[in-house]
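Asks: Sequence:
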Amino acid sequence: MHSILHIFANYTWAIAGMHLFLAVLLFFIVNWLGAKSISKGYTQIEVTLSNDTAPAFNFLYKVFAPVVYMILCAVIFQETNLEKFNTCLYLVVFYYWLFRIGWRLAMQRSMLTNWVGTFVYFFFSMALSYWVYTLLSNVEDILPSPRALIDQLWIVIIIFVYSALNKVEVSSYANEKRNNKYLSYNYEKFHEKYDSIIKPAFNNGFYEALVYSIMIHENFNRPPVVRWIEYARMHLTKRRHTLGIMQVKSDKIIDDATSIGIAIDMIIEINNKLYEEHKEHSFYSLGSFALMIAHKYNPGDYLYSSAVRDIYEYIAEKYYEDVPSKFEKLNRNSTEQPNEELKK
245 MHSILHIFAN YTWAIAGMHL FLAVLLFFIV NWLGAKSISK GYTQIEVTLS
295 NDTAPAFNFL YKVFAPVVYM ILCAVIFQET NLEKFNTCLY LVVFYYWLFR
345 IGWRLAMQRS MLTNWVGTFV YFFFSMALSY WVYTLLSNVE DILPSPRALI
395 DQLWIVIIIF VYSALNKVEV SSYANEKRNN KYLSYNYEKF HEKYDSIIKP
445 AFNNGFYEAL VYSIMIHENF NRPPVVRWIE YARMHLTKRR HTLGIMQVKS
495 DKIIDDATSI GIAIDMIIEI NNKLYEEHKE HSFYSLGSFA LMIAHKYNPG
545 DYLYSSAVRD IYEYIAEKYY EDVPSKFEKL NRNSTEQPNE ELKK
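Under our numbering, the first residue of the sequence shown carries the number 245, and numbering increases by one thereafter.
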């Protein structure tokens, strides 16, 4: 107990505040760099299935990135005569992992998270950061000398092993199971809550499944905690925002149920236009048609609409028996206007 108190004797609130700031900054840096590294195999949490095609890269990136960040911070503090902030600097990594886990819980992504993998990353990252911190605490100059760099030829071996391990592909079964469980849980939750709004608007399962698919994806990107912030921001700015669970544009505060009514109107309008344009193209699958509607609903790149299509295909197959098998069997008059009371 005495040794623990001795370690934190010089750990002031100012130092703790700086470390917390650095941890949050690290979180956003890691996510930004990770997003830029998708082509290299970096895996992110997604609402649709994605395979870990570069396990070695993901392990090294998630474990070593916080440690490298800590070392860079230590160098900056030393070179700017702010060495007091190097006190217990390894706690930056600890705070980073707490913030990352808390963020996932706040964003309602716990069901999509591989918690075993997360805690493995946490353990190795913390152990390595503490070990490196003890090394840094025992040297006067953190930056290495040229001779020290020459002596580290074993780095070549690490690069070789990394390259070899990065060719190993990890089974996607666990990811698929988590994703399907997440989709089923959210569909059943939303269906119980909003079926009375959605079902009367349509007379076949294609549109119902599509609405729920967009809803699940929008809720993934804008969970309740983020929507509360959007409501607060609109209240302060009085400007037009995308609001509600369906993320529709509105000039006034609306609840989730109202956003669903507005979204149904949008989907009906988009559907009718697309159907008239493509009704002669009977080769379209309904998955492709769902992608086209989703792309019109939220224009931009096709990552959004592709994700909605993937969710749709899972929802439609598992929960709907009345989905037409082919595009030409989709009746353009199979939609009705939603209850006008929803718009009020």
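For the record, the hints were derived by calculation from the structure and aren't laboratory data.
The reader is advised that the hints may include incorrect statements.
What the hints assert, rightly or not - Here are the simulated SDA-like cross-link-like pairs (lysine to any residue), alpha carbons at most 25 Å apart as the crow flies:
hint, residue 1, residue 2
1, Lys443, Asp545
2, Lys517, Asp545
3, Lys421, Tyr431
What the hints assert, rightly or not - Pair by pair, the computed Cβ-Cβ distance ranges are:
hint, residue 1, residue 2, range
4, Glu327, Val470, 34 to 42 Å
5, Phe308, Asn358, 14 to 22 Å
6, Glu432, Tyr255, 41 to 49 Å
7, Asn465, Val319, 18 to 26 Å
Predicted model only: the values in this text are computed from it and were never measured.
Glycine included, C-beta positions come from ideal geometry on N, C-alpha and C.
Asks: Each hint needs a verdict: does it hold in this structure or not?
Replies: Against the structure, the hints:
1. Lys443 / Asp545: 30 Å, violated
2. Lys517 / Asp545: Judged against 25 Å, a Cα distance of about 20 Å means the pair holds.
3. Lys421 / Tyr431: 15 Å, holds
4. Glu327 / Val470: 34 to 42 Å: 39 Å, holds
5. Phe308 / Asn358: 14 to 22 Å: 19 Å, holds
6. Glu432 / Tyr255: 41 to 49 Å: 47 Å, holds
7. Asn465 / Val319: 18 to 26 Å: 37 Å, violated
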